[in-house]
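Chains as they are written, first to last, in the working numbering: chain S, 127 to 811; chain B, 127 to 811.
Since the hints were made in silico from the structure, they are not lab data.
Being a predicted model, the structure only gives us computed values, none of them experimental.
Careful, some of the hints might be misleading.
Claimed, not checked - Simulated coverage check for chain S against chain B, where a stretch passes if three residues somewhere in it have a Cβ under 8 Å from a Cβ of chain B:
| # | segment |
| --- | --- |
| 1 | 348–362 |
| 2 | 414–428 |
Said to hold, decoys possible - Mimicking DMTMM-like on lysine to aspartate or glutamate, the simulated pairs with C-alpha atoms at most 20 Å apart in a straight line are:
| # | chain 1 | residue 1 | chain 2 | residue 2 |
| --- | --- | --- | --- | --- |
| 3 | B | K660 | B | E544 |
| 4 | B | K582 | B | E347 |
| 5 | S | K741 | S | D581 |
| 6 | S | K290 | B | D504 |
| 7 | B | K290 | B | D695 |
| 8 | B | K660 | S | E771 |
| 9 | B | K660 | B | E682 |
| 10 | B | K290 | S | D695 |
| 11 | S | K290 | S | D695 |
| 12 | B | K660 | B | D626 |
| 13 | S | K660 | B | D695 |
| 14 | B | K741 | B | D581 |
Using N, Cα and C, we set each Cβ at its ideal position, and we do this for glycine too.
Protein chains: 2
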Amino acid sequence: MLHARRVAIIGASERNPFAAPVLGNLERIGFTGEIVLVNPRGEPINGRPVLRSAAELDAGIDAAFVCVPQAMVLDTVEEAAAAGVTGFVIVASGFAEVGGEGAVQQERLREIISRHGLTLLGPNSLGFVNYVDRISLSVIGNCGPSGSIGIASVSGSVGSYLEKALVSQGLGISHLVLTGNEAGLTVADAIDFLVDDPATLSIAVFLETVYDPRRFAAAAERALAAAKPIVVIKAGASDGTARLVAAHTGALVGDDRVFDAVAAELGISRVDCYEDMIATAALLSAVGPTDRPGVAALTISGGSGEILSDLAHAAGVSFPPFSAPVRQQLDASVSAFGQSHNPLDVTGAGLRDPELWERCLRAIAADETIGLTLCLWDPPAAANQGWMGQTLAAITRGYSAYSAIPPLVQAVAEPVTEYGKEAMRVAGIPGAIGGLKPAINALSRLHAWSARLRDKRPVSLFAEPVQSSLPRPRHERALLDALSAHGAPVVPGIVARDADAAVAAAERFGYPVALKILVPELAHKTEIGGVRLKLGNAAELRQAFGELMAIQVAGEIEGVVVSPMRAIDAELLVAVSYDPTWGAMLTLGIGGIWVEAFDDTQLLPLPANAAQIEKALRSLRAAPLLTGGRGRPAMDLGGIVLAIEKIVGAALAFGPELTLLEINPLAISPAGVEVLDALALWRES
Amino acid sequence: MLHARRVAIIGASERNPFAAPVLGNLERIGFTGEIVLVNPRGEPINGRPVLRSAAELDAGIDAAFVCVPQAMVLDTVEEAAAAGVTGFVIVASGFAEVGGEGAVQQERLREIISRHGLTLLGPNSLGFVNYVDRISLSVIGNCGPSGSIGIASVSGSVGSYLEKALVSQGLGISHLVLTGNEAGLTVADAIDFLVDDPATLSIAVFLETVYDPRRFAAAAERALAAAKPIVVIKAGASDGTARLVAAHTGALVGDDRVFDAVAAELGISRVDCYEDMIATAALLSAVGPTDRPGVAALTISGGSGEILSDLAHAAGVSFPPFSAPVRQQLDASVSAFGQSHNPLDVTGAGLRDPELWERCLRAIAADETIGLTLCLWDPPAAANQGWMGQTLAAITRGYSAYSAIPPLVQAVAEPVTEYGKEAMRVAGIPGAIGGLKPAINALSRLHAWSARLRDKRPVSLFAEPVQSSLPRPRHERALLDALSAHGAPVVPGIVARDADAAVAAAERFGYPVALKILVPELAHKTEIGGVRLKLGNAAELRQAFGELMAIQVAGEIEGVVVSPMRAIDAELLVAVSYDPTWGAMLTLGIGGIWVEAFDDTQLLPLPANAAQIEKALRSLRAAPLLTGGRGRPAMDLGGIVLAIEKIVGAALAFGPELTLLEINPLAISPAGVEVLDALALWRES
């Protein structure tokens, strides 16, 4: 459909608010195939003949833009499909996004599509534009020249803004695919198409809900294998937004952090605004993955260099000092006023002497810590800025010492004029990034994406819980025993049903001991005073036993669990949960009150190997508690990772009925690692 | 000088790279005063007569732009000053920013200025533009119409970028003052001027080092009193930048976090990029302080509304749900498709029916949680977008229910055309904010600034250490005793010089006790094993005493300090230090290893009152450790604040020789608050 040579507009009339722009765009973009118009009145439009009915269409129509009223959509599609039309864009709204009868209609539409084996974009879609082959079947689109960035957006207005912003930076588009309600093609399908499209070098995506996570993941994995960057804005970071999305396309948004973790696993660059999306898509596709994290920049505005440097510092992007020999060369090139710091202020000399840019770029290319050099420079606006064009040529020559030419960076975003676009094209410069902050944010994504590519690890998602015959543990101690049976290190515990048994157990462990009340299904023992710690002798133990057994709770108190007290150096929270879209997830965090105060957690999609788990632990802000230093002992990180792997294994072995297994704490001391407390939640059977 | 009616250009010639643009700008801006040119050759320029020497000038010249070569600057200024000229702009570089002889020259220039009582902008300054009175004595400047934003920038290029970006958003400038090396006027002087300037409604500042902190603070306090917002980009957030700044204007940058704390105290909005600066200056000056934190937005792009909502969530800006009656009204106004969430998607209906904007704005005005409603809408580009102009008029009518009209928000920044500027002027709309993220960042600054204004507390800075006759404590215990004498709660401790005395002390406190080695000037006792904890009886104590006294250290071991062991629920770090620019600072943070792992500290300029200290404690991420909840007891916050006040008082009482007093930890339990450990550093005497 996206390569259609014969297209139809069904519902075409001069007063239809969609038909006229669609037809206009088809003409403006220079579509050379056949256009067939359909309208019951059959009067010619713009001199073009008009068919009276979709039934008069034929099997050679690759794509039909349907702009009939909502109530007529289903019949129209049936009619056209019967005539042999295979591809449809449906612009009408009033389907699943309004719920109720609209959702029923969308389900019926889906059934029609499926029955006839049709391709559908929509409903509630503004269509698509294929800039490469000059095909526009869309209400929007600027019909400009083609370029290398493919856009897949669930929202037409977002697609339109992205297109406008890309074009204004001198960046071109290969395809614009607006998926709307996604009753047929989804954003995942569009990504899949763009991965294979030779004109597309990077893929910009706006999405709300991922309906087909496995297809999405597969497309992203193929993009990763092809080193074709995907940049995503996904709405739904806030609860408020989740409500909005429900209104906007009738979708429910999953846990936002889960998508962050999935995006990291898939090598997707997630951004949160249009400017970062454009900068990231432009930078990653222009320069490709890089092994060296160091970045350099040249500017004639020392102040802008300082702002860039501050932004880089905040984003963790490194502008390292130049190596001594490079600095020496730069000092000789740049006047004595511009001392050779990075970012490098080429001073007003850079205005008078375009060649200075070439000399500096060549000098910096020899610096082994620098992987990429950015030029803060505006493309010329018009012919009277010819000297700025000379600077572009000098910059391009300077970049011949590099593997690729990055976009220019504009200190303040300004639309690039047609003259400027042509000047960049001649110089081989792939557009401009508008603004210092988008440039820094794009650099930060470049390094994350490059690291994911270097990793070469296949995508690991959708861990399957084992179909288990394991009984559901009746209470926490049974759960702990089950964990232990699966190889996880668990604090020993003896169930005692009377005080004498408790004392015997305590003597086996040695005092002090801890007592926990044993009640099946009771989640929060501490809140009701059901836990006693540091009991130092038999008398204390007996008194505590008596008090625990006397607590009023819903459910029978079956006894107490006696465990030895442990010296704890650090506490971890380890949890396995299931996201409805992305499946099993592992949460790691520092335990105790600190979890909530500092919100210091890492999320990993499962399955995850030992190296991933260790990396996640090391990414906690509290990692120094585990890795030692400053007078603190280092913990047995290998032992911690192994314990986490065993906990994950046990969680999966409990089968698909388990919804959450939470260990808090996994107690850690130089002596070892032990699960002290565990909680399991189960699907209602 | 900034209101000059007679100006001179000294060094004017057709090949001087500065003189031609300065003269051109004077003419373009419509300067109606007298222009006098000076050049030794004395040939007319552009038909204007030229004086041969600065000595021929007269006392009526309010401002001279000096563009002679660096080596001639000092003689030229002397000559012109002798002739009676009182104001100078010096563009030449090669002064303090290059160090060495340049710095000496700048010192001599400063001496000349001071001797003659002259006003100086520069050296290394690109000049100033007074848009209101149509005076430009600057190499840069677009000479467009005047507006309400004043710019003070140490850097000419940054000032130029700011001007360009402001003008492109349809925002006007009152004054542009470029201070360069600040041998005469500083950024603080420029702010002071702009506070009094009636045309200026907000002040945008780029600075590196603040040379005159008291003058800066006084100007900022006057701006606060006038509710005139100041928005600052201050370079130097990163070490790398600190180096750059040294190169750029010969300044050293102070601790960046100190400036953050000072900016908060002064009600200054600190931002980190051009886009946020423009958005913040435009929003704050347009709407003024607001008491209601809730924000609403209208958009025809549901997707952009979602992105805005996510950005707001991340920045802590609240888009609350509409109240039930407002929602009902909105549901009646907007079609059933756009359910009335906030941000409100007015859908395509907003394109067809401009009045919808007015109705929605009026409905939302009745919502008591909403203080401000933003419209995501582009100004019309040209006359053929007349319907967009109708929307502007409808928006303006809708805003009549509000106290002020905010700028429009463009989803994607685009320069506003002259047609669009005129349309906004007619509609009374004060320009546009370019981009969703700058809009959200400006909202976040609006709320912080409004809160500082509501606070009404006078600015509190530059606490003076008392000229003290207190002896410098010889060792930590003496320091603790001095703190105690100043009213701070300190753990008791008895100095023991032999084991028997130690045992006697321990028996007085009761076991267990802690022992600390007592060596004057020894900062890090723990690292050398000089601290023993939890000694449970006399035998353990004697053994520990013997081991401590046998430690090999530089300096005489004078004994040990015996203290009781304390049960600690939370540890705070409390430190008083002196910033070379901003004076005494109080640092509060969670103590122990957590300080480093989580970097959870708050900085307050001193003096600070109890309410400020409590607010800082409550702003720690670890505040729940102090305020209780989730089964944890609440601590005595009043007692903690009082202890901190006493510690601050003691630090100031030690006099100006003290450079740092650090308490770590201030131990906190439900039973009370105690200083357990203290460290003082002193200026070398």
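Quick rundown of the hints versus the structure:
As drawn, the segment 348–362 of chain S meets chain B at 3 residues by the rule of a beta-carbon pair under 8 Å; at three or more, the given contact holds. Figure legend: the segment 414–428 of chain S, annotated as covered by chain B; annotation consistent (3 residues with Cβ-Cβ distances under 8 Å, at least 3 required). Of the supplied pair hints, the one linking B:K660 and B:E544 is violated, its CA atoms being roughly 77 Å apart against a limit of 20 Å. The hinted pair formed by B:K582 and B:E347 meets the criterion: a straight-line CA distance of about 11 Å does not exceed 20 Å.
At most 20 Å may separate the alpha-carbon atoms for a hinted pair to count; S:K741 and S:D581 meet this at roughly 12 Å. The hinted pair formed by S:K290 and B:D504 meets the criterion: a straight-line CA distance of about 13 Å does not exceed 20 Å. Distance hint between B:K290 and B:D695 is unfulfilled; the C-alpha atoms sit about 55 Å from each other, more than 20 Å. With a C-alpha separation of about 37 Å, the suggested pair B:K660 and S:E771 falls outside the 20 Å cut-off, and the hint is violated.
Distance hint between B:K660 and B:E682 is unfulfilled; the C-alpha atoms sit about 25 Å from each other, more than 20 Å. For the hint linking B:K290 to S:D695, the alpha-carbon distance of about 57 Å lies beyond 20 Å, and the restraint is violated. Between S:K290 and S:D695, the direct Cα distance comes to roughly 55 Å. Violation of the 20 Å bound is thereby established for this hinted pair. Of the supplied pair hints, the one linking B:K660 and B:D626 holds, its CA atoms being roughly 18 Å apart against a limit of 20 Å.
For the given pair, S:K660 sits about 17 Å from B:D695 by alpha-carbon distance, which is consistent with the 20 Å threshold. For the proposed pair B:K741 and B:D581, the alpha carbon gap of about 12 Å is at most 20 Å, so the pair holds.
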